[in-house]
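Residue strings, one per chain:
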Amino acid sequence: MSAVLEARDLVAGYGGLTVLREVSVSVDPSEVVVVLGANGAGKSTLLSALSGQLPLTGGQLLVDGTPVRNARPDVMLAKGVSLVPQGRGTLTGLSVMDNLRLGAVTRKDKAEVGTDIDRWFTVFPRLAERRDQVAGTLSGGEQQMLAVARAMMSRPRLLLCDEISLGLAPVVVQELFVTLAEVNRELGTALLLVEQNAELALEIASRVYLLEVGEVGASGSAESFRDDNSIRAAYLGY
Amino acid sequence: MDIFLSRLFAGTTSGAVYVLIALCLVMVFRSSSTINFAQGEFALFTSYVTWWLAGKGVNIWLAVVPAILIGFLMGALAERWLVRPVRKRDETAVLIVGLALFTGLNGLSGWIWGSDEKPFPRMLPTGEDTYIDIAGARLHYDTILIVAIMAAVVAGLTLFFNKTSIGLQMRAVATNPDSAALCGVRVGRVLTLSWGMSAAVGALAGPLLVPLVPPGQLGLSSMFPVLIFATAAALLGGLDSIKGAVVGGLALGIGLAMVNGYVTFLGGSMSLTSALVVIVAVLLVKPTGLFGARRLERV
Ligand SMILES: Nc1ncnc2c1ncn2[C@@H]1O[C@H](COP(=O)(O)OP(=O)(O)OP(=O)(O)O)[C@@H](O)[C@H]1O
Ligand SMILES: [Mg+2]
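From first to last, the protein sequence lines are chains A and B. The numbering of the first sequence is our numbering, which starts it at 18 and goes up by one. The numbering of the second sequence is our numbering, which starts it at 4 and goes up by one.
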């Protein structure tokens, strides 16, 4: 069985600045993987590259074992890789409904889009109540729910989440993680989570990558990471 | 009363003209965040095409159709092969390209069709009795037609933006191109389409407005004043708002008709100056315009 998404020796950056230096990660179908790392380690850059947003200067992406030629966001979405970007990935000027519809533009089965919107309204009833509200006027938590629902509207096989807990109250974060765990269990969607809130992420993840200034410093099972004292000290703070 | 109504009708006529060209500017601004200074010259070129076809005996209403198609292609090609390549490098370069297009298209029109003024066929017959008498004021069929076509264009665009998938994608690109791309929107295609649609609307507007704007004939300088008025209208209403273009265009048209009518010491030729005053005033006082969300950050 090949990985939903495999990154081999990714090199990427901004202009002259190389941020990722030969980073290799992979996610198997229905697997939950977490990427930990300090601020500025390149976590967002990694997800940006995986989603086709940031052009690669080296290495390659493979979906189901097949190399992706021109990784653009629409191409990666069509192959089943969807990103919830850091800091509320919604279109703030559009309504909740329009955001969800937009999440489905790459889909061929237009007839089922309405059914999916209804499903996400059941998962997040607060979005249903605000379906005609402009996304920019939602609360932070509601926007993050919308960002997740929007990213799920493309029916991805792998959901990349960049710090979706950032700036949210602990209860809301807890709710979001429960939802993510359900998505993973019920729909079989694989998850790649970048998190500062390592404790929660480690609870639902099975594997961990540690990103240190643009390189994979360590990787292993989530269990071994929870038990590792030095990692606990660095990322869990106890 | 009849004088007031006459001025109101005259103002509405020119207002509708400004609305149509302002809509073109708005469509481009929403997607590319630039004012396309060549917008008027696109319309000029396609108006010549319409005129030329009409001269060959084609019915003027039919002659507009190929002009609209040519307009669409010109707008789309200009975005894809001129604007986009320089945009990556430099924002001010986009302005230069706009100016180059402006002079280039004007020169091309002159080279093909000559610089003399062309009598332009009307889309509606005009004569002694082509108006409705309202309290002594004449409401010409011309006015009714251009207002009706403007209303149809606005309704069509509103439906397009709100009810179709590609319209939704255009609105998404207008608010945030990066987020739109992450949703799978092919931003480049949307930009090309926006420019094409914008020039197509201009191609429809050209033959309607040429007979209504002094001197009523088609010449190389026909579109420049219209562009200035339309820019003022779009700025007034808000550069990213369809509703703004409508309100701004009509307000400007009617407002200037009243000012020129009642404040006679300004003289008719002061209209263009008034339009420039409106542009400067809006930029100073309310850069987002009446209904807009985004301001003009660079020209
Ligand atoms: N658009 C950009 N242009 C230039 N440099 C950037 C850009 N985005 C990020 N960088 C740089 O790349 C490096 C990695 O940034 P990145 O956002 O990937 O870190 P991160 O691990 O996500 O950090 P955080 O935990 O703070 O979100 C940083 O040094 C940052 O300054
Ligand atoms: Mg980050």
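Heads up, a few of these hints could be off.
Here are the simulated EDC-like cross-link-like pairs (lysine to aspartate or glutamate), alpha carbons at most 20 Å apart as the crow flies [stated by the list, open to error]:
1. A:Lys125 <-> A:Asp135
2. B:Lys59 <-> B:Asp119
3. B:Lys166 <-> A:Asp149
4. A:Lys125 <-> A:Asp91
5. B:Lys166 <-> A:Asp133
6. B:Lys166 <-> A:Asp135
7. B:Lys59 <-> B:Asp5
8. B:Lys166 <-> A:Glu129
9. A:Lys127 <-> A:Asp91
10. B:Lys166 <-> A:Asp126
11. B:Lys91 <-> B:Asp5
FYI, nobody ran anything at the bench for these hints, they're computed from the structure.
Okay, the hints, checked on the actual structure:
1. For the proposed pair Lys125 of chain A and Asp135 of chain A, the alpha carbon gap of about 18 Å is at most 20 Å, so the pair holds.
2. The suggested pairing of Lys59 of chain B with Asp119 of chain B holds, with an alpha-carbon distance near 18 Å, which does not exceed 20 Å.
3. Straight-line distance between C-alpha atoms of Lys166 of chain B and Asp149 of chain A comes to about 15 Å, which keeps the hinted pair within the 20 Å bound.
4. Of the pairs offered as hints, the one joining Lys125 of chain A and Asp91 of chain A holds, with about 13 Å between alpha carbons and a cut-off of 20 Å not exceeded.
5. Using a Cα cut-off of 20 Å, the hinted pair Lys166 of chain B and Asp133 of chain A holds, with the two alpha carbons roughly 19 Å apart.
6. For the hint linking Lys166 of chain B to Asp135 of chain A, the alpha-carbon distance of about 19 Å falls within 20 Å, and the restraint holds.
7. As the CA atoms of Lys59 of chain B and Asp5 of chain B are separated by approximately 41 Å, the hinted pair breaks the 20 Å bound.
8. Straight-line distance between C-alpha atoms of Lys166 of chain B and Glu129 of chain A comes to about 17 Å, which keeps the hinted pair within the 20 Å bound.
9. Distance check on the hinted pair: Lys127 of chain A and Asp91 of chain A sit about 16 Å apart at the alpha-carbon level, within 20 Å; holds.
10. For the proposed pair Lys166 of chain B and Asp126 of chain A, the alpha carbon gap of about 18 Å is at most 20 Å, so the pair holds.
11. Our distance criterion of 20 Å between C-alpha atoms is broken by Lys91 of chain B and Asp5 of chain B, whose separation comes to about 55 Å.
In this structure, the earlier hints numbered 7 and 11 are contradicted, and the remaining ones agree with it.
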